[in-house]
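There are 2 protein chains.
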Amino acid sequence: MAQLRIALAQTNPVVGDFTGNADKLVEWTRRAAERDAHLVVFPELFLTGYPAEDLVLRSSFVEASRSALTAVAARLAAEGLGGLPVVVGYLDRTDGDRTDGDRADGGGKPLNAAAVLHGGEAVMRSAKHHLPNYGVFDEHRYFARGNRLPIFRLHGVDVAIAICEDLWQEGGPVSVVAEAGAGLLVVPNGSPYETDKDDVRLELCARRAREAGCALAYVNMVGGQDELIFDGDSLIVDARGELVARARRFEEELLVTDLDLPALPELPALPALPEGAAEPGDPRMGPRDDSEITVERLVLSAAPVEPYRPEPPLIAERLDDLAEIYQALVLGLRDYVAKNGFRSVILGLSGGIDSALTATIAADAIGPSRIHVVLMPSRYSSDHSLADAEELVRRQGLNARVIPIADIVTAFEKEIDLSGLAAENLQARVRGMLLMSLSNEHGHLVLTTGNKSELAVGYSTLYGDSAGGYAPIKDVLKSLVWKLAEWRNAQPGDPPIPENSITKEPSAELRPDQRDTDSLPAYDVLDPLLRDYVERDMGRDELVAAGHDPELVARILRLVDLAEYKRRQYPPGPKITSKNFGRDRRLPITNRWRESR
Amino acid sequence: MAQLRIALAQTNPVVGDFTGNADKLVEWTRRAAERDAHLVVFPELFLTGYPAEDLVLRSSFVEASRSALTAVAARLAAEGLGGLPVVVGYLDRTDGDRTDGDRADGGGKPLNAAAVLHGGEAVMRSAKHHLPNYGVFDEHRYFARGNRLPIFRLHGVDVAIAICEDLWQEGGPVSVVAEAGAGLLVVPNGSPYETDKDDVRLELCARRAREAGCALAYVNMVGGQDELIFDGDSLIVDARGELVARARRFEEELLVTDLDLPALPELPALPALPEGAAEPGDPRMGPRDDSEITVERLVLSAAPVEPYRPEPPLIAERLDDLAEIYQALVLGLRDYVAKNGFRSVILGLSGGIDSALTATIAADAIGPSRIHVVLMPSRYSSDHSLADAEELVRRQGLNARVIPIADIVTAFEKEIDLSGLAAENLQARVRGMLLMSLSNEHGHLVLTTGNKSELAVGYSTLYGDSAGGYAPIKDVLKSLVWKLAEWRNAQPGDPPIPENSITKEPSAELRPDQRDTDSLPAYDVLDPLLRDYVERDMGRDELVAAGHDPELVARILRLVDLAEYKRRQYPPGPKITSKNFGRDRRLPITNRWRESR
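Heads up: the protein sequence lines correspond to chains A and B, in order. Residue 376 in the UniProt record's numbering sits at position 376 of the first sequence, with consecutive numbering throughout. Residue 210 in the UniProt record's numbering sits at position 210 of the second sequence, with consecutive numbering throughout.
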């Protein structure tokens, strides 16, 4: 056996920020060197940030990534870090024309690549083989398929590399690791958060480690990128699939772990190679798909390190479900604000639970001094609305102002006659305009406060309460909004949310004595139906068979189907379920198909 | 040789409207029968409408398509049309599990399919082989790949079927037609409009006909679907690639053409088959890719028809570029309004050229009586603005009202202090709110009037002039707006647009004496740069090399890059160029990459 100290750099890059990401790579590699690590692994597409979407199709962007890789490799060496091998994801391209089936422009086709940086150079390069093209992923649009399994020998241990989806699907590079023989498989990932995904990940890593017959180090990105939240959760399992180390989630972490791995004598014999030389690979068939994977080998250092005393590994404590979701929402908001260059946010506070939770998440993310709230009572606002909102402001120390909207609404009503919904919408729009005006004047990012239940059924006003730049609880069903509020209040310290905001009956207060239940079923009936229809894509018959009331199914499905246009105009918000109303759910606007038919 | 009268049903389906689309299939098949056609061909995915996006991933939707196909085949027979073979595109699925690489749910994977309906049944089924996954297309997300070339014998002529992209790419079913031997290749398409695409199509069809050694009938969908416009342009070329017939564009048309095609004795010998029996196909290799295509054969009728006197073919007159674009915009608007169930539209009329052209397109699309315009002068509106708008109303007979916004703006200003851009935006937002309020009250669809140049550089107000449901000139650069206005005025009849709206200097009129050129370069400088950057995706260095001023490049690219969030909130509008700001250009919001860096 040979010892190896591996450092998983669970880091938060910014899309398109080659300079900042390269700086971070150098800084974290130095930290790993200071901890005497033998190998550092960064996440998938770390140098570009991920996902970079159509930027990937710009040749100037691809060339910038290639140059950044070369430059950072040289810089590592110049700063005395060239001896510590770094595995990092970056954007590369094929050499030839883009001719693999698509009518794309000339020039090499982009690759979702990983490189080994060593001695001032990128000494090995490979690319992702399995390209996910479902849900939020569009990688057939962007990337050509890699067809290599790179294995480099480091201190007597053969280390193989595969990228993210290569782990999730059968066949491809991972399926030939056992045959090729490796002591460790390292996997850079950009794997977005979804509730309960962490359980799936560990199980998958354990299974693949057993199949590959070697330890497996899974390093995931962390941070928010538009609607996606990368939760980290980097981990290492041994060859039997037992968990060895696991990073904290929702924060950057350098997970340094000592491993005891099979060294050369225990591996299949390899031809003797001069140190640093690449060996031409043998083509091999992946046993479970029809692609041909070429194994590429490189020896960085053949001799094991001198035995040393290992440090105890970290296995971070697991989070309960509500803590996990709350932290995801906080991280999503913090990164959306910071990465888009905002310094403060503004939102309307109604006294209700949605805006109360949104404000609390925001305060936890960026601090109460950067939160500006506006209380905008109308002629229909009840007394407790203003009082509850003011109580929240007091508890959290937010910046607040009150702007009554009655006179502005009256000014509109002098010019046009409005009734019913149009009159209700007008009030929501006056509030939206006030927030957008203050945003333009002072540079705050406007947060919308709508939840997923409202958004699903269209119970919101386009250009009214849906006007804003970011929607922190867009993917949170109303019943979960309450649970999260209660969970947050139960944490150490004073409860930030007034009890009355949690317990009172929900109302939009756009007409006298309005209640959500005037228009919608109770949320404990609505939300399970929305979960089955929206997140699980069940059809009408399935929904009825699952026990939902047939009339309610027809009514709610009709609302959901009809609200599509409104949702298209909704701002982005953090995705926490399998189907947020975002890029993982693409529907035509013009469309007569109704599940409710 | 054998005669065959083929009817290309260049038709306009509605996404998800299985009943309406089936009705249309029966009606148009009857019309073809009344004209003694021997074969009718409908477009790609006609039964579902196209593109149906994520509806395709719902099993209830797939089953609805399969049932609709079976039902319409039976109905054709029941209505006495079972003897006339119909080729139609529909959505099918594979029999097995979805296991072709993606982690998708159970159940068969969807197929972009075509069937031959005959004698009350679907007697042949095949599926698209080449799945486009670039630009507006996401077909790797939706479909499994077909691997058959169906050939049915009709009145002694062997007729092969391929679908849309199978024509555009090398290899696949089209590449084995010559080897398999066919007298006619029919190709159902859903090929969206783009300026100058018609020239490419004819050239492509001619080339493929020569390669296949047979005549080729290309039938395209017509109509608007969200941002896409299908322009028809169905055509037939003979085996030498010479144009035989061509339909009008931007309208439904039954293109009936008599062809003289190689009959059985002139074809490679086939084993004798009982009429109506399918022959198990021989696997064949496509000569230019690595897939295996199975040729499937079916004999519907072996004997040629009795000789008859052919009708002269139609070759529709070509449209000039401006006529083509104008008709595309008219069709896009008409279908967006009708297919989404609106009866009328509303827009703000400023007296400027953008709103004047938008109103004119709308009046041409759905008639002036269904157009409602609102003139909303502010304290900064010049006299000519109101006068020019009123003149346009008079010329076209639109429904108009005047709502001054000064008092409403004052009501806002009493509550909050605004300066600069925030104060300008306020006026635009008051107008947007008035239009949305009237829309809610009366059910009109709000049209926005922004052009592509404004949209590109962010010269518009979020929730102000960009508030609305459809953006008719979203993909039209400002210099093209003027050209289209002049072109429209030059058509027969009274010029609908006041000359003054065309000739005056553009201004947003949101502050005293404002001019577009205060913030932007002249449009004859700006637009070519936008075309190169947005539509051609040229990087900064390329733009400078192409002769654009380096400082201007830096400034404008920065504006375009920064306006991304605003564009995300923009309503859909008809796509006429290679890169509309829509689904064919997907960029991260959170993104530090700047071509202007």
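Among the hints, a few may not be true.
Any copy, or any two copies together, can satisfy a pair, since identical chains are not distinguished.
Below, simulated SDA-like cross-link-like pairs (lysine to any residue); rule was C-alpha separation at most 20 Å, straight line [said to hold, decoys possible]:
(1) Lys483 - Arg248
(2) Lys483 - Arg394
(3) Lys566 - His442
(4) Lys579 - Glu564
(5) Lys566 - Glu53
(6) Lys414 - Glu252
(7) Lys566 - Gly443
(8) Lys483 - Glu252
(9) Lys566 - Ser344
(10) Lys24 - Asp260
(11) Lys566 - Gly582
(12) Lys504 - Ala554
What the hints contain is simulated information worked out from the structure, not anything from laboratory work. As the structure is a prediction and not an experimental result, all values here were calculated from the model.
Now for the hints, and whether the structure bears them out:
With identical chains, the CA atoms of Lys483 and Arg248 are never at most 20 Å apart, being 23 Å at best within one copy and 60 Å at best between copies. Neither within a single protomer nor between protomers do Lys483 and Arg394 lie at most 20 Å apart by alpha-carbon distance, with minima of 22 Å and 59 Å respectively. For the identical chains of this complex, Lys566 and His442 are inter-copy neighbours only, at 18 Å across copies versus 27 Å inside a copy, given an alpha-carbon limit of 20 Å. Proximity of Lys579 to Glu564 under the C-alpha cut-off of 20 Å is restricted to the intra-copy arrangement: shortest distance 14 Å within a copy versus 24 Å between copies.
In this assembly of identical chains, Lys566 and Glu53 lie within 20 Å of each other by CA distance solely across copies; the values are 18 Å between and 24 Å within a copy. Taking the shortest alpha-carbon separations for Lys414 and Glu252, neither the intra-copy value of 55 Å nor the inter-copy value of 47 Å comes in at or below 20 Å. Taking the closest pair of Cα atoms, Lys566 and Gly443 come within 20 Å of each other only across two copies (15 Å); inside a single copy the shortest separation is 26 Å, beyond that limit. In this homomeric assembly, Lys483 and Glu252 never come within 20 Å of each other (Cα to Cα): the closest approach is 27 Å inside a single copy and 55 Å across copies.
In this assembly of identical chains, the alpha carbons of Lys566 and Ser344 lie at most 20 Å apart only when taken from different copies (19 Å versus 27 Å within one copy). In this assembly of identical chains, the alpha carbons of Lys24 and Asp260 never lie at most 20 Å apart, being 29 Å within a copy and 70 Å across copies at closest. Proximity of Lys566 to Gly582 under the C-alpha cut-off of 20 Å is found in both arrangements, the shortest distances being 12 Å within a copy and 16 Å between copies. Taking the shortest alpha-carbon separations for Lys504 and Ala554, neither the intra-copy value of 29 Å nor the inter-copy value of 54 Å comes in at or below 20 Å.
Hint violations for this structure: numbers 1, 2, 6, 8, 10 and 12, all remaining hints satisfied.
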